[in-house]
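Please build the complete structure, drawing on both the sequences and the hints.
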Amino acid sequence: MANVLVFAETRGTALRKVALEAVTAARALADASGGGEVHALVAGAPGAAAAAEQLGKYGADVVYTVEHPALGTFERESIAATVAERAKQGGYRAIVLGFSTQGRDLGPRLAAKLDAPIASDVTEISISGDTVVVKHPGYANKVVLTLALSGSPVVLSVRPGAFTAKEAPRSARVERIEPAADPAAARVVVKEVVEGAKGRPDLGEAPVIVAGGRGLKVAENFKLVEALADAFGNAAVGATRAVTDEGWRPHSDQIGQTGRQVSPQLYVAVGISGAIQHLAGMRTSRTIVAINKDKDAPIFKVADYGIVGDVLEVVPALTAAVAEARKHH
Amino acid sequence: MGAPTVKIAVCIKRTPDSESRFKIAPSGTAIDEAGLKFDIDDFAGYAVEVALQLNEKSGGGETVVVAVGPDLVQESLRKAMSMGADRAVQLKTDAAPADGLAVAKALAAELKDGGFDLVLFGKHAFDTSAGVVGTATAELLGLPCVTAVSKLDIANGRGSARRDLEGAAEMVEFPLPAVVTIDEGIARPRYPSLKGIMAAKKKPLETKPAQLGVVRVAVQKAELPPERPAGRIIGEGTAAVPELVRLLQTEAKVL
Ligand SMILES: Cc1cc2nc3c(=O)[nH]c(=O)nc-3n(C[C@H](O)[C@H](O)[C@H](O)COP(=O)(O)OP(=O)(O)OC[C@H]3O[C@@H](n4cnc5c(N)ncnc54)[C@H](O)[C@@H]3O)c2cc1C
Ligand SMILES: Nc1ncnc2c1ncn2[C@@H]1O[C@H](COP(=O)(O)O)[C@@H](O)[C@H]1O
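Which chain is which? The protein sequence lines are A and B, in order. Just so we're aligned, residue 1 is where the first sequence starts under the numbering used here, counting upward by one. Just so we're aligned, residue 1 is where the second sequence starts under the numbering used here, counting upward by one.
Rather than coming from a laboratory, the hints here were simulated on the basis of the structure. One should not assume that every hint holds.
[What the hints assert, rightly or not] Anything over 10 Å on all C-beta distances counts as not near chain B; from chain A, calculated:
1. Ala32
2. Thr65
3. Glu67
4. His68
[Claimed, not checked] Below 30 Å or equal to it, Euclidean Cα-Cα: the simulated DSSO-like pairs (lysine-lysine) are:
5. A:Lys191 with B:Lys7
6. B:Lys151 with A:Lys191
7. B:Lys151 with A:Lys217
8. A:Lys17 with B:Lys151
9. A:Lys301 with B:Lys23
10. A:Lys17 with B:Lys253
11. B:Lys112 with A:Lys113
12. B:Lys112 with A:Lys191
13. B:Lys253 with A:Lys166
14. B:Lys253 with A:Lys223
15. A:Lys135 with B:Lys23
16. B:Lys112 with B:Lys202
17. A:Lys113 with B:Lys208
18. B:Lys221 with A:Lys135
19. A:Lys217 with A:Lys295
20. B:Lys221 with A:Lys166
21. A:Lys135 with B:Lys37
22. B:Lys7 with A:Lys113
23. B:Lys23 with A:Lys295
24. A:Lys301 with B:Lys221
In this text, a Cβ means the ideal position worked out from N, Cα and C, and glycines have one as well.
Next comes the structure, spelled out in structure tokens:
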């Protein structure tokens, strides 16, 4: 029997989707290793402890809460020290977190502090005797690696979207703990958080992504992409490197090998050629639509539905048709 | 007088070109390297460029490149020196292990008494796609660490950086010495000049054994992901729009 610790990520005081996915992954791992407990740790600004109830609903037996005004922004040094301290006291088999921007930063800190082997961005977890075995897409999603980790604990970060959050209700015991290092004494200080475009879901969480490429010709035409995203109602907007290089969109919108890796229900590629580095970031999307005037563009090799045509004509027509279709539900 | 000079280490990995088509080696636990082109890992290449630009701005300083791996990594170290790095260190192993913490231990042992103001890494390596080594090295060295940085400035013994979050960005400040891992969008690596290539041949490249410690992460299997079903063109121009909407509703069920 072995317990598993989850770092449940928050933004401000709200739980992130990946936090619940991590709890689901941890629940399965604890169950597979003889029915251990799942303990979750939430760190955030005052008010974050309210997330405890939701964590119980998804399978946490114990929720440790740490609140401090400075934890509202990602106070990495204090959070790493606090999670590592809890991990040492709890003697866990594994520490599970999300492979989000924060989780990518936190995971290796925990591994070093605990002298624990780590696997990043995992899509499957199993346990076999003394070994934890995970699947992890390497080589920018072009090769799937099965990694064997020996030693205990291990640190595992889970790929956002790879584990579907499942309810497994418990009445979680909530325990308040203190930060193991003073958040106000951190060496890396967050001076400012600049919020991106309001009112759109994040690329990693959106069910629909509309992405634009150089085929849009000028920055101005990106509003066609925005309008199509608006018509879907729940869409995020992405871009190719050609577009972020031009400065039409910020680098944080870039999808691909050196940008974000996404896997939405629907990916609409607008004026995108489908270079291998772009495909590396979106080929695992469930349904892919491509609009391109060149019938030989490589994007059509992966598109479930391709339309050969001028984006300046097809996209407005599609926007109107999608808006119309959504009106009738 | 320019800004005070800084001493920078950049840890680089040798990885296959990202455009490659991969095959699995007969062992079933690695890619088949035959015929592949290798280079400095993309993000580590950006890190080399950032170091060179910081040194140029201050009108002095030193850039040292470090790689853990077999003798083949010397090729990447020479390339970094042909771009302008001053010297190189190879921490020799039979192969770079899949255990990021073990690599970090070897790097930390080498860097700890080096007197570096700044140690740079790529955000993650192409092959491992893990993003472990930089941050773990920082922890082992006890240094402040900022990851996935898309803008970096240093002045008066302090650094400031921008880091993209999902849907937001944070601006942070930190004291030097520090460890920074580099995202794209900050710099594109320069091409070595002929003069640079000639000069690199005479620059010092030191080889020492890597102190990896116990390696606890191993690749058990490598496989190619399932292919997507072949794409399908449903029509041309605006005339194809109604059919697309119909398919999105009835077949893909996303509308
Ligand atoms: C190390 C490395 C990393 C990289 N990382 C990334 C990454 O993360 N993400 C990424 O996206 N790229 C990346 N790239 C760049 C990549 O190789 C391509 O250059 C890039 O994806 C091309 O973007 P694009 O499709 O917008 O532009 P292009 O390749 O120029 O394609 C434009 C397309 O628009 C079509 N078009 C033109 N006009 C119209 C019109 N009126 N109507 C309809 N269609 C039209 C054209 O037929 C063409 O297919 C990377 C490259 C390297 C070397
Ligand atoms: N064998 C290595 N030698 C030197 N630096 C490395 C090595 N492996 C990884 N790195 C550095 O660490 C970064 C992140 O690698 P990884 O943690 O494997 O994703 C890379 O971009 C390099 O800067």
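Of all the hints numbered above, which does this structure not satisfy? Sort the numbers upward. none
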